[in-house]
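Colleague: Model the placement of chain B on the given structure of chain A, informed by the hints.
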Amino acid sequence: VSESVVLILSHPVSQTPTCVYFELMWCHLCSPTVEAGTPVTGNDELDRNLAVVEKVAFSKGLSPEAISVLLEFAMSLRMGSSPCVRVLKCLIPASVVPQQAVVRAVVWLNVSKIPISTQVLFIKWVLTVSSFLCIFLISVHLYRVRKLLELQSKLGRQPFLMHLLSLYKVFCPELVTLSIPSRIRVCTHFVTFMPFYKPVSSSICEMVTKKHCHLDLPALSSVLNKEPQSEQTSRRKMVPLVHLSSFAQMLKDMHRIELPAQMGSLLGSSLALQYLDCVQEESALLRLNFWLGCALHEEFLFCRQTSEEALQFLNNLLSAQHFLQEGFSSSDAFLYKFLNVWDGSLLRPQILGLLSNIPVIPSTQIGRLLFEPLTQLFFTSSMFFKCGLMECLNNMLLKWLTWHSVYALEDDLDISLNSHTSINITLSGFKDSVMELVHFVGRLASLGLQLEGCNTLLLSFILDFYETVCDTFLKFGLPLVVMPPPGVFYPALLATDPVSVDRLAYIMHRYKLNLTSAKSQEKQTEQAFHISRHTFRQFNHYLVFMVNCLWNCRMFHANTDMHVREELLHKSNVPQYWTRFDFIHHPAFTGYAVDFHQKCWPGKKDVDVNSIKQSKPWSWYLEYLFNQGFDGLKDFVHSSISRQVTAGDKLQDSQCSL
Amino acid sequence: MDPLSESGMRTPHNGAVVQRRSKTRSYRQSYRSCLGTASRLGVTPALTARRLNASRRAAKPQNLADKVNPEHLALLVKAEWQLSYVTPLYQFRHTQLRSYSRQLAAFIVAEKQQGLAVEVSELHNSYRVSLSVVQGLTESEDDAETVLIQIHSKPMFARQDEPQRSVWSGWLTCVHGSPEYLRSLPKDFTCLPLFGSRGPEYLSRVVKSWFQKTFDCCFGSLEINHTSLQWFAALWTDCHSQSHIQHLRMLWTIPAAPPLQITYTVDPQDAWDLWNSVRKEATAAVTEDAASIDLEEVTGFLQALKSHFYRHFRLDLSAGTLQQVSTALGSAKSSGRIKMSNSRHVIATLTLLTECALLRMPI
Chain A
1 VSESVVLILS
11 HPVSQTPTCV
21 YFELMWCHLC
31 SPTVEAGTPV
41 TGNDELDRNL
51 AVVEKVAFSK
61 GLSPEAISVL
71 LEFAMSLRMG
81 SSPCVRVLKC
91 LIPASVVPQQ
101 AVVRAVVWLN
111 VSKIPISTQV
121 LFIKWVLTVS
131 SFLCIFLISV
141 HLYRVRKLLE
151 LQSKLGRQPF
161 LMHLLSLYKV
171 FCPELVTLSI
181 PSRIRVCTHF
191 VTFMPFYKPV
201 SSSICEMVTK
211 KHCHLDLPAL
221 SSVLNKEPQS
231 EQTSRRKMVP
241 LVHLSSFAQM
251 LKDMHRIELP
261 AQMGSLLGSS
271 LALQYLDCVQ
281 EESALLRLNF
291 WLGCALHEEF
301 LFCRQTSEEA
311 LQFLNNLLSA
321 QHFLQEGFSS
331 SDAFLYKFLN
341 VWDGSLLRPQ
351 ILGLLSNIPV
361 IPSTQIGRLL
371 FEPLTQLFFT
381 SSMFFKCGLM
391 ECLNNMLLKW
401 LTWHSVYALE
411 DDLDISLNSH
421 TSINITLSGF
431 KDSVMELVHF
441 VGRLASLGLQ
451 LEGCNTLLLS
461 FILDFYETVC
471 DTFLKFGLPL
481 VVMPPPGVFY
491 PALLATDPVS
501 VDRLAYIMHR
511 YKLNLTSAKS
521 QEKQTEQAFH
531 ISRHTFRQFN
541 HYLVFMVNCL
551 WNCRMFHANT
561 DMHVREELLH
571 KSNVPQYWTR
581 FDFIHHPAFT
591 GYAVDFHQKC
601 WPGKKDVDVN
611 SIKQSKPWSW
621 YLEYLFNQGF
631 DGLKDFVHSS
641 ISRQVTAGDK
651 LQDSQCSL
Chain B
1 MDPLSESGMR
11 TPHNGAVVQR
21 RSKTRSYRQS
31 YRSCLGTASR
41 LGVTPALTAR
51 RLNASRRAAK
61 PQNLADKVNP
71 EHLALLVKAE
81 WQLSYVTPLY
91 QFRHTQLRSY
101 SRQLAAFIVA
111 EKQQGLAVEV
121 SELHNSYRVS
131 LSVVQGLTES
141 EDDAETVLIQ
151 IHSKPMFARQ
161 DEPQRSVWSG
171 WLTCVHGSPE
181 YLRSLPKDFT
191 CLPLFGSRGP
201 EYLSRVVKSW
211 FQKTFDCCFG
221 SLEINHTSLQ
231 WFAALWTDCH
241 SQSHIQHLRM
251 LWTIPAAPPL
261 QITYTVDPQD
271 AWDLWNSVRK
281 EATAAVTEDA
291 ASIDLEEVTG
301 FLQALKSHFY
311 RHFRLDLSAG
321 TLQQVSTALG
331 SAKSSGRIKM
341 SNSRHVIATL
351 TLLTECALLR
361 MPI
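Chains as they are written, first to last, in full-length UniProt numbering: chain A, 1 to 658; chain B, 1 to 363.
This is chain A alone, in the form it adopts within the complex:
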């Protein structure tokens, strides 16, 4: 059995299965069936097993279960004292060391006849891994501190002394203080005083060492100066946030949690952020914001060099904000300043990510704070920045709308952001801000499309935005409908790729649903909102043009937006120019028309797409188009166009009702 297990162990497997097999193996060896006194020397099997254990220990570290089993095996001297030493020397923990295992080992220490040198080795091991222990309860007294300091002055810097004293510092910082250079951490202790630990690989070193840099999160440490009157009681009852490792643990000790000395250290821990978000303690959040604001200002705003750490820091911040589903006010304040000096390319994804998390800005200030710097950036930047900014503003709008739909009371028009601020955003104020944002994006989009020659990628991001906007009423419950500007509508309709036209059709369909729903609500309830006639007129205008263009072949018929003089149209020598953007001739769909023609009339050599215009082929063609995945077109046609078939088969004369 053990041979097969060893084979499995020596096979490179991932961490978790290894632990399981470990237990199997050692349970086998530690079971009573292994007779006491089994020879050690010349025991190849034991040798091989130990070699495998050492290999795993030095590369990944041992799991808590493995440490328990191995420590039990070693300290009970089941196979003599030489395996004991060998095992002790490779007990490098991967995560934690169970307290129970250490307690049992200490019992064995007193009971079994372990040689003195091995006892010393064990004690050194305990002190060195003390930081890996789950809980370590000690009572710190001044005389103990003084004794250790005396020992330190005799022996010099010893890693195990340093460790014990640093533990004392955690519990009684007013008695002893100690600074550990940030580069020397646990792994070096293994290396320096136990020379056989040199093969410890760099992976463990990386695990415990942190590079020292400005953007480093402060190390987690407990509070130094507690209130004098509650010293004794509080220390016994409060659980420092530092010591929590799981959500269940946090829930258990929720009312006794003590925050660390430096709040900035919590930024990377989702558990801590969850606690903060739940408890909503103003001082704690303010401290975090102060630290965050300073870090951002000092590193970015005042011309420091950016580096890997800066990127890492911003990514951490972004994931924390993403986790909390809201931004930090200090990062908002920083962004408003940073946008004015940003070049648009430095750490672009991160900055745009942070920007999308800013909260609703009152409409009186949104221009100065947001629109002015963004306009400048938009028009002087590459197309990819334009796309990125569109996406960012879309996300921002989505977040604002989501915030509204979650937090706004239905019959309460006053939505206070915070009892401390002087801002009260009413529903109408919120609507104003959203409208400002949508109009702003409309302006940017129109001009951006002109600058970039109606680039398809940019158009796609813009249509993403309008997919959000068209559903503000039905999807998010905000009584507001804003139409896209002509500078977005026409390039989308006349685009050369079918996806854009399809998405525009979907958007128009959704607008129709929103408008009809709003109109019907207006008649029923008194408090319903009122959509201006201008909006209806604009929608109808677009709709009429779209249908005229795609269906009725009356593209240039009485359109106030697009004035093209007859002479120019004649000069272009395009035959029947009024049909050139219908479902058959539109540049986006002409390929499909040809394809359909070939499928419909496979025999015909000359392709005349106009023959599709007959009644029956037309229906088939539409069905064919919709089956290509153009659901937007399908919805649009079904909701906005009803066919009346006239006596003749020619579609040109068919009426179209809207």
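Honestly, the hints are just simulated from the structure, not real lab data.
For glycine and all other residues, C-beta sits at the position ideal for the given N, C-alpha and C.
Listed next, the stretches of chain A that the computed footprint assigns to chain B, with coverage defined by at least 3 CB atoms under 8 Å from CB atoms of chain B:
(1) 145 to 158
(2) 284 to 293
(3) 329 to 340
Pairs of lysine-lysine residues, derived as DSS-like cross-links and limited to a Cα-Cα distance of at most 27 Å, are as follows:
(4) A:512 with A:634
(5) A:154 with B:154
(6) B:112 with A:154
(7) B:112 with A:147
Modeller: Coordinates of chain B only, in the frame set by chain A:
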């Protein structure tokens, strides 16, 4: 604290949407609005002038000798200080200064001997730190009391009986800080935004590090910007009638190739006359505000000085940057160094500097 205030939940018997829970009170407690009060929002340098007080009371010379401990006062005026801004200190107690002194002393020693633990007690340390309160520097009840930090140590090859000498000193202060901002902070915080230090850079770093670890605050270097330097020039000149300023000296750097440095010294009487003429023009017929100085007067004063220079040397100083302003009352450098030479004008200087420091608060 009850984070959730529930609104009633109705059974939707008529299909109406159920009322949602509202978190109106506590939603975004972290949202300490940077938009709430117009003065706190950080904006581009061009608008800084709007944030910095556009007008302030003329510096009243105050005889501090009877209010402030003369030793402390002497310490404040004799040296040039390097300035930093500090975010508010969390759970700082003016009553625990002795304990803080001990901790800081041990911390300094521990930092020096990395890896060797140090007992926190008064008896054994080679450094002696004293934190003390300097009372009398501030009159407003919103301001926290100034704290003075001094580090004494024996020099390297000292004799046994030689007393410890002061090797580093620093102070934390808040003089006439914006009451709006100070009152908006929760009670746990002590706002002492201005930090001045003098001594080896190493000790400054260690002291800052200790404060950061103990009170969860952040330090940043405080540069004195162009507008504030102009204010210093004007305020000090304004004091000429009470305390003779001896000269008004300004240091400009012009970005020529190679860079040109200009020291522009103005005779005190001339400066005084120019200042008065600028003030007379500016103030139309306002009598009750005669004691307050406006930003326009200050910029007018500087503009007059610059145009005078231009008339003589055909060099427009606006093209350069003002680096330093000094008079007999003190000197201010744009790198963030300040010297207050006359104890009667310490309050006015510290008021302006406190304002600059508060502007740098991240939220």
